[in-house]
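Can you build the whole structure from these sequences, using the hints too?
Respectively, the protein sequence lines represent chains E and H.
For the first sequence, this note's numbering gives the first residue as 1, with consecutive numbering after it.
For the second sequence, this note's numbering gives the first residue as 1, with consecutive numbering after it.
It is worth saying that the hints were derived from the structure and are not from the lab.
A few chain H residues that face chain E, going by a derived Cβ cut-off under 10 angstroms, partial list only:
1. VAL44
2. LEU48
3. ALA90
4. LYS98
Away from chain H, derived, C-beta distances all over 10 angstroms, residues of chain E:
5. LYS1
6. ILE12
7. GLN17
8. GLN18
9. SER70
10. ASN77
11. SER86
The beta carbon of each residue, even a glycine, is placed where N, CA and C say it ideally should be.
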Amino acid sequence: KAGVTQTPRYLIKTRGQQVTLSCSPISGHRSVSWYQQTPGQGLQFLFEYFSETQRNKGNFPGRFSGRQFSNSRSEMNVSTLELGDSALYLCASSLGRVQETQYFGPGTRLLVL
Amino acid sequence: SQQGEEDPQALSIQEGENATMNCSYKTSINNLQWYRQNSGRGLVHLILIRSNEREKHSGRLRVTLDTSKKSSSLLITASRAADTASYFCATDDVGAQKLVFGQGTRLTINP
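Quick look at the structure:
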């Protein structure tokens, strides 16, 4: 099976802009989680989707949002970008329960100038 | 906030030696998992140990879990240069629908 794919792999934006990142899970996986990784804060949970419904959300401002489509593909959006949003954004998929093995994509590295 | 805390933050050893990393956590958990991340890339799942298990092996990896001390250790035997990476433990709060990762241990294997 193909692994988790994320697009784009690299992105440069300026403050105030918005960005949309995409994640395609492993075929058959219905749960998609998003994480933000920075040197200072480490890996932080953003949100998790299952069957197009957000099941859980981390402690991030409302500028961070996401959605999941009927084919389990997911997108996350960050509006009004801030310098501190520069990070590696990782998505992970699993069969159904987020507590089980997560399969991660290669990540999208976002740089906000 | 981080649930798991790895110790040490960084570890440098010679190829062929064993590497041990520790993880402590705060709440009751269902499972504890270990992941590896090569520089700037996605995480790769290594092993999952359930709360009712005490030890698990996978190839050169050995994981122990002590729920009374809320701690786990990852042992990599006969290390290789390719083991150079950051290693993270991840726990799930009972009843929560998310994994919480520690800050990681950066392991360097010197040839």
